[in-house]
Amino acid sequence: MADNHTIEPQVLPPNPEKATLEGRNKYLGFWFFLGGETVLFGSLFGTYLGLRGGTADGPGPSDLFHVDLVFIMTMLLLTSSLTSVFAIINMKRGNYKGLLLWMTATVVLGLAFLGFEIYEFYEYNHQGLGFGVSAFASAFYTLVGTHGAHVTFGVSWITVLLIRYRKSGLTLTNAPKFYTAVLYWHFIDVVWVFIFTVVYLLGIGG
Amino acid sequence: MSYEKAQSKNVIWDWLTTVDHKKIGILYLAAGAFFFAVGGLEAILMRIQLMFPESSFIQAQTFNELLTMHGTTMVFLAAMPLLFGFMNYMIPLQIGARDVAFPFLNALGFWLFLFGGILLNVSWFAGGAPDAGWTAYAPLSSESPGHGLDFYVLGLQVSGIGTLIGGINFLVTVINMRAPGMSMMRMPLFTWSSFVASMLILFAFPALTIGLLLLMLERLFGATYFGVDLGGNVIIWQHLFWIFGHPEVYILILPAFGIFSEVLPTFAKKRLFGYSAMVFATLIIGFLGFMVWAHHMFTVGIGPVANAIFAVATMAIAVPTGIKIFNWLLTLWGGRIQFTTANLFALGFIPTFVMGGVTGVMLAASAADYQFHDTYFVVAHFHYVIIGGTVFGLFAGVFYWWPKIFGYRLNETLGKVFFWLFLTGFHLTFFVQHFLGLMGMQRRVASYLPGQGLDQLNFISTIGAFLMGVAFIILLVTIFTSMKNTTNVSDPWDGRTLEWTTTTPVPEYNFAQTPLVRELDAFWYEKYEGDGKMKAAEPIGDIHMPNGSILPLIIAFGLFVASFGLIYAVYPLAIVGLIISFIGMFLRSVKEDHGYHIPAEAVKRDKDGGK
Amino acid sequence: MKFIWRLIPVSFILLITGCGVENLSALDPKGPVAEMQYSLIQLSLYIMIAVLVVVFAIYIFVLFKFRDKPGDTHIPKQVHGNRTLEIIWTTIPIILLLMLAVPNVMDTFTLADVGVGEEAEESGEADAEDAERDHVRIEVTANQFWWEFNYPDYDATAGQEMYIPTDTRIIVELQSSDVIHSFWVPALAGKQDNIPGVQNDMWFEAPEEGVYQGKCTELCGPSHWLMDFRVIAVDPETFDTWATNMSEPAEELLEPESEVAVDGRAVFEESCITCHAVGQDGGNIGPNLTNYSEREVLAGFLDPTDENLEAWIRNPQEYKPGNEMPSFDSLTDDEVTALIEYMNTLKVLEN
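If you're matching them up, the sequences are chains A, B and C in order. Position 186 (the first sequence) corresponds to 186 in the UniProt record's numbering; numbering is contiguous. Position 76 (the second sequence) corresponds to 76 in the UniProt record's numbering; numbering is contiguous. Position 160 (the third sequence) corresponds to 160 in the UniProt record's numbering; numbering is contiguous.
Just so you know, not all the hints are guaranteed correct.
Output of the computed footprint for chain A on chain B, the stretches with three or more beta carbons under 8 Å from beta carbons of chain A [claimed, not checked]:
id: 1; stretch: 168-176
id: 2; stretch: 204-216
id: 3; stretch: 586-600
No lab work stands behind these hints: they were computed from the structure. Since we're looking at a predicted model, the values are computed, not measured. The beta-carbon is built from N, C-alpha and C at its ideal position, and this holds for glycine as well.
Sequences are here, hints too, so could you generate the full structure?
Next up, the structure:
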């Protein structure tokens, strides 16, 4: 497509991410992808719920989970979703610098979340919850770990976008890319809300 | 890349890097046909073993490997890719599009499928194929010794990702890329049913992805989900597998329904009866397909309430399927039916599939299923629907679309010999298996003891299998001896839909001018209500095309390498493989690729030359 | 198409007259559960044959009437559809399915209800002895590739052959010690799965005495096809004798008379008893052998001849690959002869 060159902000259409057929395809395809991801996490949640009682004399949810740690992680991720919303608002206003800035903030918050998660896993392992100790352990690490892998992928993806497009300005090519990355980030955030409820709150509550 | 450069590529390099949906379609067809032959050979070997009681032709362990690989190959590596071949080739043509939504991902999907399929079959030469059945029930699968099941897990994971990508691509293509006037309710039924099948792929495959992930983590990384001693539960696998597995059978059958809905109207010279009812029935079948997975688990002990609910839900699927059957019959009613080979397969499908359908309803009766379950009755049932439906559909599609895809018509006489042999062989093989099941022959047995009254029917069944094998050889002969029939290949059957408006061979850009669609069966409408030519929706201009790329192959190859690393616990190899893949993805994401333009003059030249 | 037509009447006759081997085929039911299932199968079959007849009739008519005739070039009328017809062929199948769905749901609940003695209580006819013999509970544990039948009320354990009293509700509690298996006695009852970590209950009855064949129907490894068992229905008195003797074999039934058999017992206690029990003594890694010489078959499928037994002992993997029993190649010919002599004395029903 001939939309390679930078377009002046005032010429950009109001929804640059959906201005081209390619952009629309990407946008729609990504929504479908997230639909599939929903089933993926649904299956993991189902597995976890089926196995969370199977602690086999090992540590169980109420022995391990602490609400404060998880609360901090939740706040980090929720805030990062907010910063990514600011980024998209800036994109729609044509403020490319603002977009980059808020996206960088998102990445930093994501990294902080990952740091806590690694600490969390390390700590649980230390308390006797090895990966193969019990069905509960395996199901827990698989569910939360798959989410963590998604966060890692999201962070890397946004970082690649930030580096690749650090100087290009907003174009009809990179607008859909940023937009879908943010969509993905929101999805990860929603999944975490479910993990927070199903795994941690239910776990601590009994 | 410039237009000139794109025109002058080396042939092999061109096919390895192609992002053209038509070439990818042909690749799918070729690879699918190869795996179909492999799976067929496995079936013949099993039938030889079962020809006589207590036969020692094949050892029990090898037999279990054969039955596993036969099922896995036929479902994942033959039926679906062959359907994907037609979907790739035909969906853009049928909706008047120049391309699919994601040409690059489309190519990636194919290479992932191919490498996954190769990986699975490498197991034969690496100490034994998987041996726990295509359903791989835990804990037989999680505790199976050797590497067979590891190949199963990773092979299916890799090819499954490919399928998922393909599904998303078709969904977006259908929604976003239709020609002007091609509303959803004017889409040909094949496109519609492929669209619904893609929807099923999208929502069903992730469950398999997770099932395979769990099995892999348990087998290779010391996790435990199915180990009862450590609090595990073996039924979780069955739920995950069938939440995927039941929609999977509709993924196989719906596009075949679509093919019949193209072939029957064409050769009855009559519009499809009850088009909107057909679309509606397809959607209902797709929806109900997700609601009935536990009917595979009636004997697992999920309780009478669940059994009763799933039984009734399963029976409900007979209603939309019945709607389809009667609409096909009424399409034929009042038509002028031509018995071409393509149509013979469509006509042979109707009674065959109805027989498979009624045994399906019988199986849905949970209390009676306690007798049917896991016997040859079930084997007979699903071969009636999968061969009688999907395979007949594929063969109908082969004879119907062959001229458009390959530029020559298949010999009709040989084709009819092929049809009758295959049909006879098929019924001979599988009809008797209903009785074998009820007479006490359970499924997946490497042999059977004499004196149980099972000998004659098994012998008959094997003879039928031989006939099907011979028929397949005749198909190959037909394909290779018909190459001179190159006349009348653009629209040989008086076609009704847009794919027949293109020239043959179909140019890279499909349509010189995007067609304007004015009715269902757009081409038929223009032929009999208009001047026989499609109206153009745009003037001739430069046409934008995507560049070919070797990256899809590299990404898939990286995962192939990584899989070996995981199977044999050589982690550096796994990391190298993943790095290859990630570099491929990284390059794709970083390098902006704007494709090239075919100049208007070249398009005009093609157009005039083609006339 | 002709071919199918010829097959359908043939198969129909086969079905209604029943086919297959007696006491094996599901088409020749020998007990109330199998009968219930058989009549459901018949009901569904009749409904479905009605559907087939209608579809095939329309199909044949259409193919004949509307076939392309030479010289005919007319273009058929392009009909869009017909709402009335759509409603008709939506409604009629729903009615047909309800005719099947209702009895099916009822049967499903009846079969799931293993509850015992209700009928007897309701009618008030049950006397004390009958109430006691109301039902027999049997724990069925499936193993690769053999079956263990444990009678908790009798403190008895049997391998491979499951004795039951006639006219008594049998409640089987299905379990597995390794992978998933499935318990199927086609002539008596449909199947339920034996699943590790789960217990499935199922009931059936056998009004007639006889030997019924049972099979494992879930792929469980290389010898899946040989994982057969027998259900042997005997009159209640014989069953009582059997169960009592299985629990505590009377001395005279087990005490070998010949000297060779005494030696054989020594061999047994040396080599076999870790895995195989006689009476209460011995392990349960392999089938209980208390009534070995009364077995219908050896290892679930072989003729119980001395030659076969010797061959089996020397190389069990050749006959049932993947089973747990090691080869006893090291035993001398004399030892094996003695062992067989001893095993042939293991019986509980004689006298």
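Coverage criterion applied to the stretch 586-600 of chain B (partner chain A; beta-carbon cut 8 Å; 3 residues) | holds (count 6)
Taking a Cβ-to-Cβ distance below 8 Å as contact, does the stretch 168-176 of chain B have at least three residues touching chain A?
-> holds (count 6)
Are 3 or more residues of the stretch 204-216 of chain B near chain A, judged by a Cβ distance of less than 8 Å?
-> holds (count 9)
When the structure is compared with the earlier hints, no violation turns up for any of them.
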